[in-house]
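Enquirer: Spelled out, the chains give:
4 protein chains.
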Amino acid sequence: MGKNMAIKIFVTGGTFDKEYNEINGELFFKDTHLPELLALGRSSIEVDVITLMMIDSLDMSESDREMIAENCIKTNENRILITHGTDTMVDTAQVLAEKVKDKTIILTGALIPYKFGSSDGLFNLGSALSFVQILPVGVYIAMNGRYFSWDNCRKNKKTGKFKELEED
Amino acid sequence: MGKNMAIKIFVTGGTFDKEYNEINGELFFKDTHLPELLALGRSSIEVDVITLMMIDSLDMSESDREMIAENCIKTNENRILITHGTDTMVDTAQVLAEKVKDKTIILTGALIPYKFGSSDGLFNLGSALSFVQILPVGVYIAMNGRYFSWDNCRKNKKTGKFKELEED
Amino acid sequence: MGKNMAIKIFVTGGTFDKEYNEINGELFFKDTHLPELLALGRSSIEVDVITLMMIDSLDMSESDREMIAENCIKTNENRILITHGTDTMVDTAQVLAEKVKDKTIILTGALIPYKFGSSDGLFNLGSALSFVQILPVGVYIAMNGRYFSWDNCRKNKKTGKFKELEED
Amino acid sequence: MGKNMAIKIFVTGGTFDKEYNEINGELFFKDTHLPELLALGRSSIEVDVITLMMIDSLDMSESDREMIAENCIKTNENRILITHGTDTMVDTAQVLAEKVKDKTIILTGALIPYKFGSSDGLFNLGSALSFVQILPVGVYIAMNGRYFSWDNCRKNKKTGKFKELEED
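Chains as they are written, first to last, in numbering that gives the first Met the number 0: chain A, 0 to 167; chain B, 0 to 167; chain C, 0 to 167; chain D, 0 to 167.
What you were told as hints is all true, and nothing was included just to trick you.
If chains are identical, the list can't say which one is meant, so a pair holds when it fits in one copy or spans any two.
Using 25 Å as the maximum straight-line C-alpha spacing, the simulated DSS-like pairs for lysine-lysine come out as follows:
| id | residue 1 | residue 2 |
| --- | --- | --- |
| 1 | K156 | K114 |
| 2 | K157 | K29 |
| 3 | K114 | K157 |
| 4 | K29 | K114 |
| 5 | K114 | K160 |
| 6 | K102 | K154 |
Since the hints were derived computationally from the structure, they do not count as laboratory data.
This is chain A alone, in the form it adopts within the complex (with noise of 0.2 Å):
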């Protein structure tokens, strides 16, 4: 890639960044942990993170998603990764397809929190951010080691693995 290409990266919260209360037991989210992550995959690709909101996608609504938008749009960067929980991940990416031309979006998340020890989170964050230097432009969702065209995937709620529309 050119060295100077810089990428942009939108945090929006979901399962890669939840936390574990030890007082009260439950999830909660904090601060993202994409610089830490960045700081041990020893990237050194040229990235500017901005924390956008920091919810479960579940709770993410349509005013939400017009915000991601916007900020896509306003941003000087043309490729911009998006941290975003699995659940709705779709549904976001349906929005940027509408309303931003001319840029390589890549959506991707984790099933397990980054502070959990075990998370996929590491694996799908260098995926995502190799897929965002060499696609064209579009919307795309990178989970699994895979890409995906927003328009042709969806999650298996019960594997918890995205699948192209006419996969099994």
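Dock chains B, C and D against chain A, hints included.
Expert: Relative to chain A, chains B, C and D alone:
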């Protein structure tokens, strides 16, 4: 990606797979952790993992490199991921570029053994597995979230990071 | 210690053994991790681990506590370690103190699930297993590296730490 | 325990505190991880941690051992925990038993460095910190969840476990 695109993974050892021997306090190789990492990443990419050798890349001979090249030529898959020690990764890439035509080959590795908890290995695997799906025919190195043409990179011995030749 | 001194471990659940369900994002109980923790600690203490129940200690009923007491009475071992949620640990200790005579019983737990990587569970297990070998007959709580007589401690709900009654 | 009982911790190095140098692939010592482990264990024991040296116990000289003994004599605390490499732990214990009277001294260590994720160190620290609070005056080794009189144990070089002299 086409869901039927299979990827070959050749394991050669390197820091990635080193373990700590608790009896004598030395680092050593046992089995590869690649299947464990792919499971952790919830990867649904169809891969075939073959261990060619388990050695430190500083101990890799010219005949070892030719054996790797022969395996790349003989395998049916056109997309190949190779885990390799970082110290001589570029040397092996050069041999592969000379001998293997019409395939996409990505070499990756790690600075910290996977078993040591804070490894860059899972990030690098997610990254390399993504690049190998979409880069055109050629031999590349995937490290630090980036990909490099084999003939345009080197490892900075002081920082451990890969750079393009013209980068300081 | 006498090398033939066997210790009984009764598992009742608690934060110690909670896991994260990656499909629905909720915490739940599956199997106990005690054998895994003992292996990690390279323990050579002879123990017999029995799971009596797998519940959150806030859900523990009076009959659950009596069942634990009966098991403490019936078992041949005179030294018993019980893993238990911290919220009602003192309540169970009181029932045990009333019903079980002539045995050394230690209750311990954790604030962070073992599976979440940064748990206090392994430290607490090492501590409790040590105290149970040498404390005289009685019922104790082992948390925060200390031991407490069951009738002289309480959990500080704000810090999660156990204190003696007269401590602020 | 009396809540005002302070414990001295002397750090001497050993596997416990070894780290992995990602540039040259060798193990080395930087700072002790004891405060980090005590925080992880949510310990509320009053301790004073002093690093006396940071060496592999195979490199420990007779004058090193005398220096440790002098520090044990001079310190105000009567209960002392020493982290130490396991290979010559018994040799140091012998010197301490000859020179330090009227104190309870526990030596402990680890087979796997704390930084390598699957360490026995946290378990051993919880165990040693508990034994040092209640054992009578003397010099002991705490490993594998047990405590041993210094003159009645040895490390089995094949299994890495400590045994009493008469045990197989």
